[in-house]
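The opening residue of the sequence shown carries number 22 in the working numbering; numbering runs sequentially from there.
Bear in mind the hints are in silico, worked out from the structure with no lab data behind them.
One or more of the hints may lead you astray.
Claimed, not checked - Below, simulated DSS-like cross-link-like pairs (lysine-lysine); rule was C-alpha separation at most 27 angstroms, straight line:
no., residue 1, residue 2
1, Lys582, Lys371
2, Lys123, Lys412
3, Lys334, Lys123
4, Lys371, Lys382
5, Lys334, Lys412
Model, not experiment: these values are computed from the prediction.
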Amino acid sequence: MQSPRPKLAGLSSQSHLSASANYSNYGTLGDDNCLESFPRDDRILMNGILDFDNCDSSPEEVAGFEIWPLLLVTALLIGVMGYVIAVTDPLLFDLKDGYCHKNILLNRQRCCADSSECQSWLQWSDVFRISGSRGHTLLNWGLWALLGTMLAITSAIVTLSRRYENTGIETKPAILYPVAGSGVAELKVRSQGLRLRGYFDFSTIICKIIGIILSASSGLCLGKEGPYVHIAAGIGAVVGELFNTSRSQRELLYKAGAAAGLSVAFGAPISGTIFVIEELSPFGFTPRQLIPTLFCCVTATTFLKYLNPYGTKTIVMFHVHSMIEWKTFEIPVYTGIGLGGGVLGGLFVKAARSRLLIIRKVSILARNPVFETALLAVLTGMLTFSNRYTKLSVAETLAKLTTPCQQFHTNQLLHDNCPSLDEIPSHMRSLIIAFLIKALLTVLTFGLKVPAGIYVPTMVLGALFGKTIGHAFQVFVDTFSSRGFPILAAECAAAAGSLDSSCISPGTYALIGAGSVMCGVTRLPFTLIMVLVEITGRLDYLSPFVLVVFLSNWSAQLVEKDSIYDVVASVNGYPLLEQKIR
Numbered sequence: 022m023q024s025p026r027p028k029l030a031g032l033s034s035q036s037h038l039s040a041s042a043n044y045s046n047y048g049t050l051g052d053d054n055c056l057e058s059f060p061r062d063d064r065i066l067m068n069g070i071l072d073f074d075n076c077d078s079s080p081e082e083v084a085g086f087e088i089w090p091l092l093l094v095t096a097l098l099i100g101v102m103g104y105v106i107a108v109t110d111p112l113l114f115d116l117k118d119g120y121c122h123k124n125i126l127l128n129r130q131r132c133c134a135d136s137s138e139c140q141s142w143l144q145w146s147d148v149f150r151i152s153g154s155r156g157h158t159l160l161n162w163g164l165w166a167l168l169g170t171m172l173a174i175t176s177a178i179v180t181l182s183r184r185y186e187n188t189g190i191e192t193k194p195a196i197l198y199p200v201a202g203s204g205v206a207e208l209k210v211r212s213q214g215l216r217l218r219g220y221f222d223f224s225t226i227i228c229k230i231i232g233i234i235l236s237a238s239s240g241l242c243l244g245k246e247g248p249y250v251h252i253a254a255g256i257g258a259v260v261g262e263l264f265n266t267s268r269s270q271r272e273l274l275y276k277a278g279a280a281a282g283l284s285v286a287f288g289a290p291i292s293g294t295i296f297v298i299e300e301l302s303p304f305g306f307t308p309r310q311l312i313p314t315l316f317c318c319v320t321a322t323t324f325l326k327y328l329n330p331y332g333t334k335t336i337v338m339f340h341v342h343s344m345i346e347w348k349t350f351e352i353p354v355y356t357g358i359g360l361g362g363g364v365l366g367g368l369f370v371k372a373a374r375s376r377l378l379i380i381r382k383v384s385i386l387a388r389n390p391v392f393e394t395a396l397l398a399v400l401t402g403m404l405t406f407s408n409r410y411t412k413l414s415v416a417e418t419l420a421k422l423t424t425p426c427q428q429f430h431t432n433q434l435l436h437d438n439c440p441s442l443d444e445i446p447s448h449m450r451s452l453i454i455a456f457l458i459k460a461l462l463t464v465l466t467f468g469l470k471v472p473a474g475i476y477v478p479t480m481v482l483g484a485l486f487g488k489t490i491g492h493a494f495q496v497f498v499d500t501f502s503s504r505g506f507p508i509l510a511a512e513c514a515a516a517a518g519s520l521d522s523s524c525i526s527p528g529t530y531a532l533i534g535a536g537s538v539m540c541g542v543t544r545l546p547f548t549l550i551m552v553l554v555e556i557t558g559r560l561d562y563l564s565p566f567v568l569v570v571f572l573s574n575w576s577a578q579l580v581e582k583d584s585i586y587d588v589v590a591s592v593n594g595y596p597l598l599e600q601k602i603r
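Construct the complete structure from the given sequences, taking the supplied hints into account.
As structure tokens, this is what we get:
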């Protein structure tokens, strides 16, 4: 049976490459002159089909022993990259609120690790000795928004310092900013045989590291995980170029780097390997590539764990432990979260597409990306300051939402996450308000000219959604199990109002909701299942994870057929391929 030919997404057979993006901004991964043999007006498009045979897209056999030292170097550099970002970002983020007077280089969490009241952390109103609660709040709020805006503007300036512009063609010129965004859509373009110029240069990687530290610490609703993948893939590509490796070895280093980037982002080496197979290997992934890729992932995560960026011997903030056993009566709720999360993910993709297209029509914002970033940073600072969830970084918010109640005695900063039954209604209102704020700001932030990922921000939306459902179900279970409701009483003997004896953990629903919405946005079901397993360490939850993720993927397809990266490729005019099995 002949394998399906890849189709060019979003272009008809009469389209020219310059109509979607400029040919001179692209190169090939094989023969540099392979496209020149095509007619000028249709160099790559042949009756609507993108033929990669002439570009030698088939992977070569990876060479032997000499690749392993390069994989080791790549993994160690990725671990260092993860450490630098993980240490610097929380420090700058918390400096918007104050500083640790016993050690200014400690963020709030590390400063307050040994103190329940945290007298070592001084807010700016304490530093300036402002009296009165109103003046105290206004000063802290104003400095929070001002410093966040300054960080965001600096990130945008760093991002715009790297640009590629093609003005030597008849059609409207295109301007590429290789530092902006997550870079995952561009990785998909590269994995399918074309290379966007400048996206894997050494200077681009350095600018992206600086830019993501600044943009993430500014408080904008964005994540670091997508940029981690781009940066790590760039590190692999730079190592391959530096040591003058063959094309097949460079491709292996690039893919192994991308996998290791996701691995250090989530502390999940197997997930990183699956991500490359699922997202970045349209022409296949050979067994000889599998072990080197996994080696790079494991080495990078192990080295990052040794460096211990958070001082807790964990790689990421949102590792979840001590989950209670799931019950059979929870399956209908899991099903609803899976379907609802997929719908929310599909709606998010639609909203993100509209946001990208509308901004291009607003000339003042399209022509002034720094002004656009500053405007949104001010809005973010004003809206997020007063809510217990929106004020935290996205990683801290996800950790707060998904951590079980029995773990909170180890971290006093998260003490208010487990309300009593009487407090649950007001707590749910805070969750709903936080969801609306985060949803609005995450959509508006998507497409800014700063380094920005979408993985954890969409997981936060899902966690807020799932935690709200979890609290509602907790009230239902604790109420009716105490009244002898047969199905509940058989598996759950919790007394109403007692959190310790309750068999419902809202944090579990937050985690499942996080995976559901993220899958609806990214359409990476197998990667998401393994991420959930690895960050929890609970194989017994594999069945609920599979159920929720696959239902989410299915319902999201009904709402919006494209993933978020397909939307980015379409809007930016990237010649992205789609494998369509007939």
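A quick look at each hint next to the structure:
{"no.": "1", "hint": "Lys582 with Lys371", "result": "holds, 10 angstroms"}
{"no.": "2", "hint": "Lys123 with Lys412", "result": "holds, 24 angstroms"}
{"no.": "3", "hint": "Lys334 with Lys123", "result": "holds, 22 angstroms"}
{"no.": "4", "hint": "Lys371 with Lys382", "result": "holds, 17 angstroms"}
{"no.": "5", "hint": "Lys334 with Lys412", "result": "holds, 25 angstroms"}
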